[in-house]
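Asks: Protein chains in written order, with my numbering: chain A, -3 to 543; chain B, 52 to 184.
Misleading hints may appear alongside valid ones.
What the hints assert, rightly or not - In silico BS3-like pairs for lysine-lysine, Cα to Cα no more than 30 Å straight-line:
#1 B:K102 <-> B:K163
#2 B:K179 <-> B:K56
#3 B:K82 <-> B:K59
#4 A:K531 <-> B:K102
#5 A:K424 <-> B:K82
#6 B:K179 <-> A:K446
#7 A:K441 <-> B:K82
#8 B:K57 <-> A:K441
#9 A:K214 <-> A:K493
#10 A:K446 <-> A:K20
#11 A:K446 <-> B:K163
#12 B:K56 <-> B:K134
#13 A:K175 <-> A:K303
#14 A:K444 <-> B:K56
#15 A:K444 <-> B:K55
#16 B:K82 <-> B:K133
#17 A:K493 <-> A:K515
#18 B:K82 <-> A:K444
#19 A:K441 <-> B:K163
#20 A:K531 <-> A:K484
#21 B:K82 <-> B:K55
#22 A:K446 <-> A:K407
#23 A:K531 <-> B:K127
#24 A:K294 <-> A:K59
#25 B:K59 <-> A:K424
#26 B:K179 <-> A:K441
#27 B:K163 <-> A:K444
#28 B:K82 <-> A:K446
#29 B:K57 <-> A:K444
#30 B:K59 <-> A:K444
#31 B:K179 <-> A:K444
#32 B:K127 <-> B:K82
#33 B:K127 <-> B:K59
#34 A:K20 <-> B:K82
#35 B:K59 <-> A:K441
What the hints assert, rightly or not - Not close to chain A: a few residues of chain B, all C-beta gaps over 10 Å, as computed:
#36 K55
#37 K59
#38 K102
#39 A103
#40 I105
If you are wondering where the hints come from, they were derived from the structure by calculation, not from laboratory data. Built from N, CA and C at the ideal position, the CB exists for glycine as well.
Okay, here's what each chain looks like letter by letter:
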Amino acid sequence: MNNQKDRETIESGHRRSNGEDSFKNLSGFKIKALYGPEDISHLNPETDLGLPGEYPFTRGIHKTMYRERPWTIRQLGSLDSPSRANERIRQLLKMGATGISLCLDMPTIMGKDSDDPLAEGEVGSCGGVAIDSIEDMRNLMEGISLDEISINFVSNSQSAVLLAMFVAVAEERGVPLEKLTGTMQNDILKEYQAQKSYYFPPRPSMRLTMDTLSFCNKFLPRFNPISISGYHLASAGATPVQELAFTLANGFTYVEEGIRAGLSVDSFAPRLSFFFKAHNDFFENIAKFRAARRIWAKTMRERFGAKDRRSCILRMHAQTSGSSLTAHQAENNIIRVTTQALSAVLGGTQSLHTNAFDEAVSIPTARSEKLALRTQQIIAGESGVINTIDPLAGSYYVEALTDQMETECYKYFNEIENLGGVISAIEKGYYARIIADSAFRYQEKIEKGKRTVVGLNEFFEEEEIDIQLREADPGFEDEKVSGLTDFKKNRDHALVKACLNDIRDVSQGSDNIMPALIKAVKSCVTLGEIIGVMKEVFGEYREDYIY
Amino acid sequence: MATKKKIKVLVTKVGLDGHDRGAKVVSSLLKEAGMEVIYLGMFQRPEGIVKAAIDEDVDVIGLSYLSGEHLIFTPKIVEEMKKNSVDDVLLLAGGTFPAEDIPTMEEMGIDKVFRAGSLTASIVDYIKTNVEE
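One chain only, chain A, in its complex shape (with noise of 0.2 Å):
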């Protein structure tokens, strides 16, 4: 923020006078100044809006919405260290959160121990939990009964291990595994579009999608296997409908692979859910949640031949959109997760994360958590949102935007389709090339005055107000690694190295690999040398950089 000069030139170019780019949305549609009957004249009540839990869902996933049952209020639950991260969850738990996410830690993302020389520096970090092995999991299970609260696991690349390690700790605890609760991410396509913490080639992670697919699907019937993610690709530079036409993509392809490894397209897609941004544009996010629903029910039903109702209900999660945060007057971020979070509500979400607004500056503090968590609350319980179920149905604006969104998804979904799918598209820089240009047009926008930033690139002030800022624990490391250390030592070495070599095995053949990996984990094998045996075997992935 050093060159006067251009901020002057941006702040006199603002105003409306944006020129071609005014009254855009995110994914660059033209808003028309007004929308009447004509906008959508063309659509019918019943076959394309539906009644509220009922096909093609539109209008929401339940009959009664949030005047039954509000959404899931789910906040972040990680800190460093697995009992540490457990507190917090019991203190969100008592603040009246009804549903956690957990974040790994760099190093366990990356399918790293704490104790592995590349960890060094980066265990606890990103304000994740380290999870190295079973040990930590009974940690950051402990008294939290794994049948009622859904704890979703912020896990891809390494969710068999994590899933296994769940698994093993609910079955010391005597918790039937029928009945267990939960998420596991384990969205691995998008890693390869937009996150990035993938080790293996696309192929072999897939596999192992499956496998837990089938493991789930199989032995934890209220489970969801994976949580497919449109989040971390709007992060990246995804417009909305980009973001919601990927997503769906993937979510079609993982219902594909399904059914190649034998199950039927009923057994496992009820099971499915996913997670999406809110992002700035209110009237957008809404239509993009309304989309969501009608592709996906239109689909499920008539390409894939689903019988079973909910194979043909999107359910979701929903986070606001921690990129549109800024870290100059950091508080103004406080009223922009409020409103993405009300445009999460009025597209009938049915869990969400609301930021804390002081995320572009550091790991938020217990204060900035709470408040996050206050602002869903108070959505919920003063606004008078809920009091009736899907609002904004018939609105001729919010009808022909979510028609609109869901006519361009199409075009992508073509596009796709024409490069031989989602596998083979990221394989050929589809997904890089897309999200990389977008993410630039964005910035663009914004340097050139085209985008408003309130705080940023309008109203800018060289003074900023002091936010308090978490403070890290320098120690936890070494507490860690020397923690690691002593479990390492203590426990049946050649058992270790048998069932490294059952995991061996196993992922060279076809078997499912839960089995061994459950074994695996109950006998102290920790993440990095389950992962680290399973490179040997499928390789390691290396992408070219597209910009």
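Position chain B relative to chain A; hints supplied.
Replies: Relative to the frame of chain A, chain B by itself:
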């Protein structure tokens, strides 16, 4: 008129974090501004970054940070630069960090820190002013 040599910038991410949106967008905008960008990408280590900087004979190294790793890796990169007598390369960092860490990073040897939300015009200007022709 003789063509001026293009300014050469190496852009990269160090450590395990894969949030590469910022690094890519900045790379594109630097290219637009007429610079040559060597995009080394994610998951790099200090030794590799400095080696690439020497091999490619760059004028600037731009580090993109997000997950709180800036205080860990910055001294390692600076040390590696010293070890290899890389003293004519501008070292810049951008990303998400608390304001109070900026003086620390500058003491460690970063020439200039750009926080999340900085306009790339300010980065371009800084580079153009500070790279010796």
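Asks: A separate judgement is required for each hint: does it hold in the structure or not?
Replies: The hints, checked one at a time:
no.	hint	result
1	B:K102 <-> B:K163	holds, 21 Å
2	B:K179 <-> B:K56	holds, 12 Å
3	B:K82 <-> B:K59	holds, 10 Å
4	A:K531 <-> B:K102	holds, 27 Å
5	A:K424 <-> B:K82	holds, 23 Å
6	B:K179 <-> A:K446	holds, 25 Å
7	A:K441 <-> B:K82	holds, 17 Å
8	B:K57 <-> A:K441	holds, 26 Å
9	A:K214 <-> A:K493	holds, 28 Å
10	A:K446 <-> A:K20	holds, 10 Å
11	A:K446 <-> B:K163	holds, 27 Å
12	B:K56 <-> B:K134	holds, 27 Å
13	A:K175 <-> A:K303	holds, 25 Å
14	A:K444 <-> B:K56	holds, 27 Å
15	A:K444 <-> B:K55	holds, 27 Å
16	B:K82 <-> B:K133	holds, 28 Å
17	A:K493 <-> A:K515	holds, 12 Å
18	B:K82 <-> A:K444	holds, 17 Å
19	A:K441 <-> B:K163	holds, 24 Å
20	A:K531 <-> A:K484	holds, 21 Å
21	B:K82 <-> B:K55	holds, 15 Å
22	A:K446 <-> A:K407	holds, 27 Å
23	A:K531 <-> B:K127	holds, 28 Å
24	A:K294 <-> A:K59	holds, 19 Å
25	B:K59 <-> A:K424	holds, 28 Å
26	B:K179 <-> A:K441	holds, 22 Å
27	B:K163 <-> A:K444	holds, 23 Å
28	B:K82 <-> A:K446	holds, 21 Å
29	B:K57 <-> A:K444	holds, 24 Å
30	B:K59 <-> A:K444	holds, 24 Å
31	B:K179 <-> A:K444	holds, 20 Å
32	B:K127 <-> B:K82	holds, 28 Å
33	B:K127 <-> B:K59	holds, 22 Å
34	A:K20 <-> B:K82	holds, 27 Å
35	B:K59 <-> A:K441	holds, 25 Å
36	K55	holds, 22 Å
37	K59	holds, 16 Å
38	K102	holds, 17 Å
39	A103	holds, 13 Å
40	I105	holds, 20 Å
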